[in-house]
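Peer 1: As a plain string of letters, each chain reads:
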Amino acid sequence: MDEFKQFRELFGTKIGQVIQKPRRLFFVVKEEHLLEIVKYLFDGIGCRLSTATAQETYHGLEILYHFSLDKAGIYFCPRIVISDKQNPKVLSITALVPGAVWIEREMFDLWGIEFVGHPRMEQLLTLNSPENPNQPLRFGRQA
Amino acid sequence: MGWYQRRLAKSLWVFHVSGSPCNNCDIEILDLLTPRYDVERFGIKLVGSVRHADVLLVTGVFNKKVAPRIRRIYEQAPKPIFVVAVGTCVSGGCCFKESYNTVPVREEVIPIDMYIPGCPPKPEAMIEAVAKLIGVLNG
Amino acid sequence: MTGNKIPVGPFHPLLEEAEYFELKVDGETVVDIDMEIGWMHRGHEYISEQKTFTQSIYLVERICGICSTSHPLACVHAIEDIDNIEIPLRARYIRTLVGELERVHSHLLWLGLAGHFIGYDTLWMWAWKYREPTLQMFEAISGNRNHYGMMRVGGVAKDVDPAIIPDLLKILDEIDRKMEMIAKAAKDDPVLKSRLVGVGVLKKEDAIAHCVVGPTARASGVAIDVRKDEPTDAYDLVNFNEIVLKNGDVYDKLVVRVLETIESNKIIRQCLEKLKTVGGPILNNVKEITPGEGIGRYEAPRGEVFHYIRSDGTNRPVRHKVRAPSYVNIPSFVASCKGIPVADVLITLAAVDPCYCCTERALRVVDAHDRPFELDLQRLSRTKTEQIRREIYGK
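Residue numbers (my numbering), protein chains in the order written: chain A, 1 to 143; chain B, 1 to 139; chain C, 1 to 395.
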């Protein structure tokens with residue numbers, strides 16, 4: 001895919017492990033390069049943020065963003081790995097992408113990841129619930 | 001109270017309570033009002049306030065956030081009130097039993113008088129349930 | 001929940017007292033809107049980790065009852081994306097047929113509700129009456145009016161018997177005629193036009209910033225449609241138009257949905273004609289899924305449904321992420337609801353077509369000093385329609 005080739009030439013030094021499939025590009029980025037890459041994807045080539053997936057693995061907490069380039073039907077997926085599992089913190093992208101407000105709140109609610117710079121960091125789905133499930137999708141949950 | 005129940009059976013007013021359903025059962029309940037099945041010819045009407053209701057139609061597998069509200073609605077309803085559970089979710093929890101956010105036993109939230117299983121139950125099944133309820137009320 | 005909440009009057013039989021939206025009003029205009037959700041949260045992503053791939057397909061069907069085949073379609077696309085699995089031709093046509101029938105049924109349902117909210121109860125009864133033949137077609141094809149259970153990894157579960165296709169085409173003709181009538185009524189009615197034109201406008205920049213999808217985006221001029229951008233199943237084998245308008249108000253959203261229903265009828269007709277002659281298997285039996293990640297999406301009636309699945313070689317997904325279209329459409333209310341009169345709030349909120357499982361429908365209204373007061377939005381909405389009708393037709 002030409003868009004993938006162009007992207008890898010521009011940012012080749014700033015991204016880590018890459019998995020390239022016919023229409024999907026998964027790559028690892030460090031937190032300091034995240035905002036620059038998001039700006040290129042959202043404002044530069046006109047991608048749309050579909051959603052962001054959070055997952056706890058044995059290496060740490062992983063956040064996978066999904067940016068869709070609609071005219072070509074392809075997906076760019078930057079991945080961030082947070083190694084501090086006790087106090088996970090990462091920069092918020094809501095200043096660049098206003099549509100990420102609820103997406104980041106959901107990750108805070110269910111995994112406890114704090115987004116630095118988010119306008120309203122509070123629970124989304126379990127707010128005011130009589131029994132707070134307290135980060136139900138982490139490994140150490142009481143289920 | 002036999003005479004009261006017989007009068008009641010002639011025109012039941014229904015209030016619908018949704019406790020985290022997937023909304024399929026709710027759409028099938030609304031389907032009963034539309035021209036194909038048309039329960040309004042039996043005098044059954046969907047009302048907007050629980051204070052006017054004779055029957056509570058409950059759907060959904062109750063969520064921990066919504067369970068206190070359902071309890072409050074049940075307490076606000078003027079007695080005698082019949083609670084009819086529509087769908088497999090209320091009857092048995094369907095596939096959501098293992099979740100962290102659903103109540104384990106729905107009968108602890110409100111007492112239920114009648115179950116209509118199905119995912120969703122067809123409108124014909126719901127009309128049969130209504131007919132049974134009217135039969136019970138008529139003695 | 002304390003005692004100073006005032007239920008603001010039912011505007012739909014499907015609701016109970018509570019507040020889920022909070023409106024700040026100043027006189028007759030809305031100043032701000034805030035939302036609280038979570039009453040439908042059942043923990044699908046948590047339950048999915050304990051189920052196998054095939055069980056997950058049944059589970060996601062029950063996320064929503066209206067778009068009940070969009071989620072299984074996106075889920076199987078995600079699993080097939082991990083290994084690039086091929087789908088047999090006949091299965092592709094059957095998948096597209098079921099998906100498009102669901103779009104027809106969902107848009108007719110929305111049309112009825114929109115009519116109910118502005119006071120056209122006749123439109124409600126007629127739209128739902130002509131939705132029944134669609135449910136009949138579903139029952140003939142899959143055995144159930146909703147929650148069909150038709151999708152499998154690698155194909156579909158049930159075949160369409162060629163003997164019933166002529167009857168299905170006859171029912172489709174009837175739906176076509178009624179859709180033409182409703183389309184003409186919607187386009188020519190002056191009361192509907194002046195009630196809905198210019199109401200609840202979502203501008204194109206706001207639509208792009210909030211990443212909205214579906215008819216909400218297409219009515220504001222953003223041309224995104226998964227069926228054209230990444231055609232899977234049989235969407236590259238049938239002819240249809242993408243409907244994009246530019247004003248972003250409620251009237252445009254209504255016209256987009258009505259025209260899309262007519263386009264869907266065209267697709268259904270082409271699929272049924274092809275199913276008379278195309279032969280072959282309906283399922284490509286997949287024995288195992290290799291470790292990897294896959295993304296699948298589908299154009300549900302409300303927008304793009306997104307599923308992400310990660311597998312590690314066993315028969316269970318390690319992570320299954322679901323994002324319904326209403327999740328990104330609903331936060332755009334803050335952009336489209338500011339500055340509109342209170343009587344229009346109901347129809348603006350309904351025009352986005354929020355899937356009920358993602359939102360509830362009760363409001364708490366506060367004035368400029370944060371004091372709550374009571375407001376019957378349904379009555380306000382219908383009164384405004386009456387006023388407009390009197391102005392147009394004289395009294």
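One or more hints might be untrue.
As the list claims (entries may be wrong) - Heads up, simulated DSS-like pairs for lysine-lysine below, C-alpha to C-alpha not over 27 Å straight-line:
#1 LYS187(C) x LYS122(B)
#2 LYS170(C) x LYS203(C)
#3 LYS384(C) x LYS187(C)
#4 LYS170(C) x LYS122(B)
#5 LYS71(A) x LYS204(C)
#6 LYS266(C) x LYS71(A)
#7 LYS132(B) x LYS79(B)
#8 LYS10(B) x LYS64(B)
#9 LYS71(A) x LYS203(C)
#10 LYS193(C) x LYS71(A)
#11 LYS193(C) x LYS204(C)
Worth flagging that the hints you see were computed from the coordinates, not collected in a lab.
Peer 1: Are the hints correct? Go through all of them and say.
Peer 2: Verification of the hints:
no., hint, in the structure
1, LYS187(C) x LYS122(B), "violated (35 Å)"
2, LYS170(C) x LYS203(C), "violated (41 Å)"
3, LYS384(C) x LYS187(C), "holds (20 Å)"
4, LYS170(C) x LYS122(B), "holds (24 Å)"
5, LYS71(A) x LYS204(C), "holds (17 Å)"
6, LYS266(C) x LYS71(A), "holds (24 Å)"
7, LYS132(B) x LYS79(B), "holds (20 Å)"
8, LYS10(B) x LYS64(B), "violated (36 Å)"
9, LYS71(A) x LYS203(C), "holds (21 Å)"
10, LYS193(C) x LYS71(A), "violated (33 Å)"
11, LYS193(C) x LYS204(C), "holds (21 Å)"
Against the hints set out earlier in the document, violations occur for numbers 1, 2, 8 and 10.
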